[in-house]
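On the provided structure of chain A, position chain B as indicated by the hints.
Chain by chain, the residues:
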Amino acid sequence: MGIELVNLEKKYGDFAAVDGLSMQFEEKKLSILIGPSGCGKTTTLKMINRLIERTGGDILFNGESIDTKNPITLRRGIGYAIQEIGLFEHMSVYENIAVVPRLLKWTEGDIRERVESLLDLVNLDVEETMFKYPAQLSGGQKQRVGVARSLAANPDIILMDEPFGAIDPINREKLQDAFLEIQEQIQKTILFVTHDIREAIKLGDRIAIFDRGKLVQYDDTLEIVNNPANEFVEDLLGADRALKGLEIIRVKEFIRKGEFTMVLLADSKVGEAREKMKSMGREFVYLVNPKERLVGYVTQKDLLKTPDNFLLKDRLKPTESVQPFSNLLETVTRMMTGGVTTCPVVDAHDRFIGVVRLKQIFDVMGSYQPAEED
Amino acid sequence: MFSVAGLGAFFVERFSYIMEKMAEHLFIFIVSWIAAVAVGLLIGIIVTRPGKEKVGQVILAITGAAQAVPSIAVIALVFLFMGIGPLPALFSLFLYSLVPIVFNTASGLLNVSPAVKEAAKGMGLTPLQILFKIEIPNSIPAILSGVRTAAIINIGTATIAPAIGAGGLGEIIFIGLRLMDGVRIMAGAIPVAILAILVDFGLGFVERWVNPKGLQISKTPRT
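These protein sequence lines map, in sequence, to chains A and B. If you count by the numbering used here, then the first sequence holds residues 1 to 374, one letter each, in order. If you count by the numbering used here, then the second sequence holds residues 1 to 223, one letter each, in order.
Please note that the accuracy of each hint is not assured.
What the hints assert, rightly or not - Calculated lysine-lysine pairs in the PhoX-like style (CA-CA distance at most 25 angstroms, straight line):
#  : chain 1 : residue 1 : chain 2 : residue 2
1  : B       : K117      : A       : K105
2  : A       : K11       : A       : K202
3  : B       : K52       : A       : K105
4  : A       : K202      : A       : K142
5  : A       : K142      : B       : K54
6  : A       : K69       : B       : K133
7  : A       : K317      : A       : K278
8  : A       : K11       : B       : K52
9  : A       : K252      : A       : K269
10 : B       : K133      : A       : K11
11 : B       : K117      : A       : K132
12 : B       : K54       : A       : K132
13 : A       : K132      : B       : K52
14 : A       : K269      : A       : K291
15 : A       : K105      : A       : K69
What the hints assert, rightly or not - Reference listing, derived: stretches of chain B covered by chain A, where coverage requires no fewer than 3 residues with Cβ under 8 angstroms from a Cβ of chain A:
#  : stretch
16 : 134 to 141
17 : 176 to 190
18 : 204 to 217
It should be emphasised that the hints constitute simulated quantities derived from the structure, not laboratory data. In this text the structure is predicted, and so the values were computed from the model without any measurement. Every residue gets a Cβ at the ideal spot worked out from N, C-alpha and C, and that includes glycine.
Chain A extracted, bound-state conformation (with noise of 0.2 angstroms):
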């Protein structure tokens, strides 16, 4: 469901914390509200499930105004997920997950089976969560209830506000890529208030920057990263941001395909190996085993001053790897680390794909130069 905002407006007596917002959120796309705070992306959040009631303008639902339902009516159709998470205490997190459909009168055979693929979609183990209590609970673990509890109705819509804003980072940044593969199974209409910029670009098909109750620019995540329209966006994006340009962007793009392994045996020699990389015409030459999986790599270099008989597995150097789900800046991370300008690509179970390498990657970042400088 799409949803478009019509010169919206909440003022607080002569304050507007939302000044004549329109815009539209397109359906199935994760859109982030972000800003400052008191720039009112959570008010114009809270304005859609009228939390928050609006002094002016409306709110279209696939062109319809949200004035049509009731208040109870629209929220049990809408996703709720908050950074306070709000799990209720005195339920298990079956019952919490229930909450929803029950009030829609769902039978309770279809809210186990609801419950249990909801769990199981937010990475928690089915029996050993379902009955324990929310105290039972780590900080990761409550977050994922919160997100299947929004999920519990199957809406067509979520709003999220800063729903990993508690979380420890390196919690934070697992539940984040969680949350994109959910989305990419789900594919739910979700608006995402954050104030952080690396979530938001992280997590954002489209961003939306507020500032003092207006929208700054509302783009593709890409656009804004390589376009920012004025100087406060830039501010916002931080001195790094063709780095974190470089998060959004997945390795799968840009696997080069064609020779560059041989089948590593018990009984492989240097010789063979010096043979293959001169019929390549290759420095160096990626190793795998029979069923394909990488094991290491060997350079010319290092073969140099090695008898042709000795065995090809002792002269052998582990190698970085990524997957085609990584993106661009871990990719370059690992090739610093290993001291390489071409890093492999493997599948989940260490298979080889295809290399990567750093050359691309700095094509790309050349397009995130500031326009002035182009």
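Okay, now just chain B, sitting in the frame of chain A:
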């Protein structure tokens, strides 16, 4: 002046008299207590509804201070306006035990975290559903401990009800005091004490049984 044998004899001889006074005592206690629970819960809930949080805070302050007023003072005041008899006694006990119930109910409800209430509202619960499904279950431990305190206070305070002519086990004690008769004093005091202990124990059991399991866990540190 006092002997165990004498006490035993008194119990046997005056058994029906003691039971009669026990029944009066129980009646005064139970009626005033139930009325206080019903009215106290209602007041506690009403003053904490959204938008009335300020009123709730004021009520909390008043009831908090009122808990320090001695019970005999309340009885004396009620006597001034209503005279003597069972009704003024009932009313003063009701008034006195109202205080911990309102205090605990209001503080329990006000202590439910705003995030929990916001989540509930955002999920589409009606105000009544939020009250009955979320706020009250979360406040049950506080509410029950108020109800339990009120019961113990009432049993104890009902002992001085005879001061305004309301009967009860206190009557036996009062007569004993006037006659300097240790046996009579004990014959009144022992049943009151047993009653108080039994009710306290019973309500403690109910508390453990009724308190939501999830809340009992949160009070014990996680291992």
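Evaluated hints:
1. A distance of roughly 22 angstroms separates the Cα atoms of B/K117 and A/K105; the hinted pair therefore holds under the 25 angstroms criterion.
2. Note on A/K11 and A/K202: the hinted pairing is violated, with a Cα-Cα distance of about 32 angstroms set against a maximum of 25 angstroms.
3. Of the pairs offered as hints, the one joining B/K52 and A/K105 is violated, with about 32 angstroms between alpha carbons and a cut-off of 25 angstroms exceeded.
4. With a CA separation close to 22 angstroms, the supplied pair A/K202 and A/K142 stays within the 25 angstroms bound.
5. Straight-line distance between C-alpha atoms of A/K142 and B/K54 comes to about 32 angstroms, which puts the hinted pair past the 25 angstroms bound.
6. Note on A/K69 and B/K133: the hinted pairing holds, with a Cα-Cα distance of about 24 angstroms set against a maximum of 25 angstroms.
7. This hinted pair checks out: A/K317 and A/K278 have alpha carbons roughly 19 angstroms apart, not beyond 25 angstroms.
8. In summary, the hint linking A/K11 to B/K52 is supported, as the alpha carbons are separated by about 23 angstroms, within the 25 angstroms threshold.
9. Restraint check for A/K252 and A/K269: the C-alpha separation of about 33 angstroms exceeds 25 angstroms, so the hint is violated.
10. Distance check on the hinted pair: B/K133 and A/K11 sit about 33 angstroms apart at the alpha-carbon level, beyond 25 angstroms; violated.
11. With a CA separation close to 21 angstroms, the supplied pair B/K117 and A/K132 stays within the 25 angstroms bound.
12. Between B/K54 and A/K132 the alpha-carbon distance is near 36 angstroms, which puts this suggested pair outside the 25 angstroms criterion.
13. Restraint check for A/K132 and B/K52: not satisfied, since their Cα atoms lie roughly 35 angstroms apart, outside the 25 angstroms limit.
14. For the hint pairing A/K269 with A/K291, the CA-to-CA distance comes to about 19 angstroms; that is within 25 angstroms, so the pair holds.
15. For the given pair, A/K105 sits about 19 angstroms from A/K69 by alpha-carbon distance, which is consistent with the 25 angstroms threshold.
16. Counting residues of the stretch 134 to 141 of chain B whose beta carbon lies closer than 8 angstroms to any beta carbon of chain A gives 4, which reaches the threshold of three, so the coverage claim holds.
17. Check on the stretch 176 to 190 of chain B: 0 of its residues sit with their Cβ under 8 angstroms from a Cβ of chain A, so the three-residue criterion for coverage is violated.
18. With 5 residues having a Cβ less than 8 angstroms from any Cβ of chain A, the stretch 204 to 217 of chain B passes the three-residue criterion, so the hint holds.
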